[in-house]
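Participant: Sequence:
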Amino acid sequence: MHKVLYIEDNIVNIQLVQYMLRKSDFSVIHAMDGQTGLELAEQIKPDVIVIDYHMPGMNGLEVVGKLKSNPDLANIPLIALTADTLPETYRACKQAGFNAYLNKPLSRGLFLDTLNKLVVKPMMIE
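Okay, so the sequence shown: first residue is 114 according to this note's numbering, each after it adds one.
Since the hints were made in silico from the structure, they are not lab data.
Computed from a predicted model, the values in this text were never measured in an experiment.
Take these hints with a grain of salt, some might be off.
[To be verified] Here are the simulated lysine to aspartate or glutamate pairs, EDC-like style, with alpha carbons at most 20 angstroms apart: (1) K116 <-> D160; (2) K136 <-> E201; (3) K179 <-> D146; (4) K181 <-> D226; (5) K136 <-> E152; (6) K116 <-> D185; (7) K179 <-> E152; (8) K179 <-> D160; (9) K116 <-> E155.
[To be verified] FRET-style restraints, in silico, Cβ to Cβ: (10) P200 <-> E155: 28 to 34 angstroms; (11) D197 <-> Q148: 17 to 23 angstroms; (12) D138 <-> Y203: 26 to 32 angstroms; (13) K158 <-> P218: 15 to 21 angstroms; (14) A187 <-> Q148: 14 to 20 angstroms; (15) L215 <-> E175: 17 to 23 angstroms.
Ideal placement from N, C-alpha and C gives every residue a C-beta, glycine not left out.
With the hints as extra help, turn the sequences into a complete structure.
Facilitator: This is how it looks when you write it as structure tokens:
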């Protein structure tokens, strides 16, 4: 089972992601704010972190900056999740170091595809 840390301040969005992943190889651990998310990331070492772009206090870009500056967490794949579809938001996420950028409302198929591409390692044939 792969661990997904979801940093999101909206409980409805958290419940939606938990529902989407209920019959998959991904378990969801959530944090309601950036600081708690950073602490959980340090404790559980998730396989992937999904981060809401707009949050009170520490926003998604600030969370990514702190993750990338921590050698123990810097290589964890990061997915931006936002309702913001502006091109400059996409560019800011890319520059910050997100590995993927997904828009709300979230498509279950696209979300699972993205998780699988970032987390599930394909078998190598030698």
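Participant: With 17 to 23 angstroms as the target window, see if D197 and Q148 comply at their CB atoms.
Facilitator: For Q148 against D197, whose Cβ atoms are near 22 angstroms apart, the range 17 to 23 angstroms holds.
Participant: 14 to 20 angstroms was suggested as the range; check whether the CB atoms of A187 and Q148 agree with it.
Facilitator: The hint (14 to 20 angstroms, Cβ to Cβ) holds, given that A187 and Q148 are roughly 18 angstroms apart.
Participant: For the pair we were handed, K136 and E201, check the Cα-Cα distance against 20 angstroms.
Facilitator: violated, 35 angstroms
Participant: Does E155 lie within 20 angstroms of K116 when you go C-alpha to C-alpha?
Facilitator: holds, 13 angstroms
Participant: Can you confirm whether the C-alpha distance between K179 and D146 stays at or below 20 angstroms?
Facilitator: holds, 13 angstroms
Participant: Given the hint that K179 pairs with D160, test it: the Cα-Cα distance must not exceed 20 angstroms.
Facilitator: This hinted pair holds, its Cα atoms lying about 17 angstroms apart.
Participant: Just to be sure I understand the hint, the distance between the Cβ atoms of D138 and Y203 should be within 26 to 32 angstroms; is that true here?
Facilitator: Because 28 angstroms falls inside the window, the suggested range holds.
Participant: A range of 17 to 23 angstroms was offered for this pair. Does it hold for the Cβ distance of L215 and E175?
Facilitator: Given a distance of about 19 angstroms, which is inside 17 to 23 angstroms, the answer is holds.
Participant: Regarding the pair K179 and E152, is the alpha-carbon distance no greater than 20 angstroms?
Facilitator: Roughly 11 angstroms between the alpha carbons, so the hint for K179 and E152 holds.
Participant: Hint check: K136 vs E152, CA-CA at most 20 angstroms. Holds or violated?
Facilitator: violated, 27 angstroms
Participant: Is the distance from the Cβ of K158 to the Cβ of P218 consistent with 15 to 21 angstroms?
Facilitator: For P218 against K158, whose Cβ atoms are near 30 angstroms apart, the range 15 to 21 angstroms is violated.
Participant: For the pair supplied as a hint, K116 and D185, confirm whether the alpha-carbon distance does not exceed 20 angstroms.
Facilitator: Holds. K116 to D185 sits at ~16 angstroms (cutoff 20 angstroms).
Violated hints, listed in ascending order, are 2, 4, 5 and 13; each of the other numbered hints is respected by the structure.
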